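Since the structure of chain A is already known, use the hints to place chain B on it.
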Amino acid sequence: MRTTCLLAALLLASLSLAQAYGQVKPLVVIGCFDGQQYPPEFCPNYSQAVLDLAEKVVGDAYGAEIEVRTIGDWFFLMDALTLPNVIGGVVSLREGLFQLSNMRQNDLVSSFGKGLGLVGINYMGSQSAMGRVAELIFPLNATKTASGKVVRGTYVTSQHTHVKLVDNPITRNSPDTMGIPDSSLIYHYPVSKEGWWTPADGEMTVLYACTTATAEARVPSVILYERGNGRSVALAGLRHNDATGAYQKDLGWFNHSFSLPEVRQLLGDALVYVLEPFASADSLEARMEEGRLFVEERLQSLEAEVQTARDSVRRERNESMVSTMVVVGLSVVAGGVIVYLGFIRN
Amino acid sequence: MGRTVSVQVKRYISLILLVLVASTAWTLTAYIWRDRTIRLLGMQGTDSLFSAARGERILSIKVAPERKLGNLEFRFRCLIERSLDEVPISLDRAETTDELIEACRPVSDRLAYFATMGAAEYAVIHEVSPENLKGHRLVFIDFGRIYASLFSPEHGNESLTTFAFLLNGTDHLVGYFEGYSEIMVMRGTLGRLLGRGEILDLVRVESGSERVDYVPTPGPDEFSLDDLPPWGQITFKEVTSDQYGVTIVVREGMVGSERLLFAVETFADGNWFEESSGYWVIKTGRI
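Respectively, the protein sequence lines represent chains A and B. Counted the way this note's numbering counts, the first sequence spans residues 1 to 346. Counted the way this note's numbering counts, the second sequence spans residues 1 to 287.
Next comes chain A alone, as it looks inside the complex (with noise of 0.2 Å):
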């Protein structure tokens, strides 16, 4: 049998990635996801081209100390999303025929009330799929989605109109109206004509409304959220298409409308605006010396396992040494012995 065990160290020498104990970076973390499947698949294109975006803007914004990177693994986004060392993302999900565990969820409603930035698009905000983070962090609490009509069986897309309604550091550089091509909307249903549904904690604007999803009324498309410490942007739309990459033959295709100069920008902005109460340079002081405390306390225990499973080998090592000693030592002296006697005596 093969047998090899490599510590994990080895690896990390190879990929480049070992770091000093104890320097924990901010992060914000990027994942785009197709959740017709469980888990989620990953989106690679889409995931690079926001994070391609999120790293310059966040960049330009707050310096190059906070680290962006996508996480491709539905459920470790899920886990990194409640450390302190991460203090924002953006989160995307291509429909959601899955439910969100309700450890999960309240997992992610505390994390987000202890302070996150977060933005999430799309299935982020439905109800069915994400349960209570539909309504305590991406508040669209979306039960229905407004498809869009299929053109010759290929781009399956419907133009949107959304209209500012409210002027803000997020939509501040964004037209007051703003024709979207989507291919999947989401909102609560029934919409109300006395007003939108909210949350019953934390404070709601709605940033955007699309005036085409239903006839029966507008809908929200672009909300601001803020509860506790976190600070949310969520939207309705911008499903993106494709998962692995047909894209090749329209730089549009895995999303159309991301291509679009105010998306980005919308979507820059939102960023920029969540992460701002996390990202000043006291705030990330004391979020990192916070993380730092945290990892330190928690790996103890690990180091000290290590270092007991060291010790034992080193113990084993040592007794077995002065054993052979003395038994080659036994020999020798045996062995001389016995030459002494049948062969120079006489």
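Since the hints were made in silico from the structure, they are not lab data. Since the model is a prediction, treat every value here as computed from it, not as a measurement. Backbone N, C-alpha and C fix where the C-beta goes; we use that ideal spot for every residue, glycine too. One or more hints might be untrue.
Claimed, not checked - Chain B regions said to be covered by chain A (calculated; three or more residues, Cβ under 8 Å):
no. : region
1   : 10-24
2   : 104-114
3   : 139-149
4   : 158-167
5   : 268-275
This is chain B only, laid out in the frame that chain A set:
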């Protein structure tokens, strides 16, 4: 003449004695350097699970410590196969572990992330042979201990902590598994995981003559399956008894559609013992 014969006999006897001394010394040295921490008493796996409408299957491990230990630990991992078509791996053949790790985003992402907090060195990476699939090898990557340190126990059957690549004799990737630090899980509908209470009938933990039973509906002197330690780790401290073991009774019942990889790894004072660890690729009901 007689004196010459006597000298020759003495020399022959001396030679025999020298050989005896040397061989005894060799045997003693080999005995001293043998792996003398854990002796495997028995290990039982299975090729299939959930294939019958009724009945049970038994998985078990039993070991005997050969010296006093501070800590003996069985780490149970249960992984579920994902189709290679939908797996984010950019190669179909690999000769080294590094190649596989770099090509698999879920693994490389975790390593990279844990590296930022100095925790990646605690990932465990083993290359082993599955017990019931000769001619194949498994690259087994476990972040379970890192997760157990960083996350609350509620993440135990929610977070993907363990990954495995199954390679055939020509180093082609023929299976990819990802799973949990749990004794046993199975995928239900809408992505829901079936946990211990739904697929196990009994987990018996033995320490010497002492037995502790974990069952779905506990009676007197029994514990609930929910009381089992989190992260699939059953640990014995200050190990002094003559034998330790865990027996798992799995309920049958026509669930599951993917293959499972069931693993139990034995660690003594933090060191992994390959001979006392087992890995089974298990077919499930509908395959």
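Verification of the supplied hints:
1. With 10 residues having a beta carbon nearer than 8 Å to a beta carbon of chain A, the region 10-24 of chain B meets the requirement of three or more and the stated coverage holds.
2. Only residues whose C-beta sits within less than 8 Å of a C-beta in chain A count toward coverage, and the region 104-114 of chain B has 8 of them, enough to reach three; the restraint holds.
3. Three residues within the 8 Å Cβ limit are the bar, and the region 139-149 of chain B against chain A gives 4, so the coverage statement holds.
4. Here the region 158-167 of chain B counts 3 residues with a CB under 8 Å from a CB of chain A, which clears the bar of 3, and the coverage holds.
5. Proximity of the region 268-275 of chain B to chain A, defined as three or more residues with a beta carbon under 8 Å from a beta carbon of that chain, is established by the 6 residues found.
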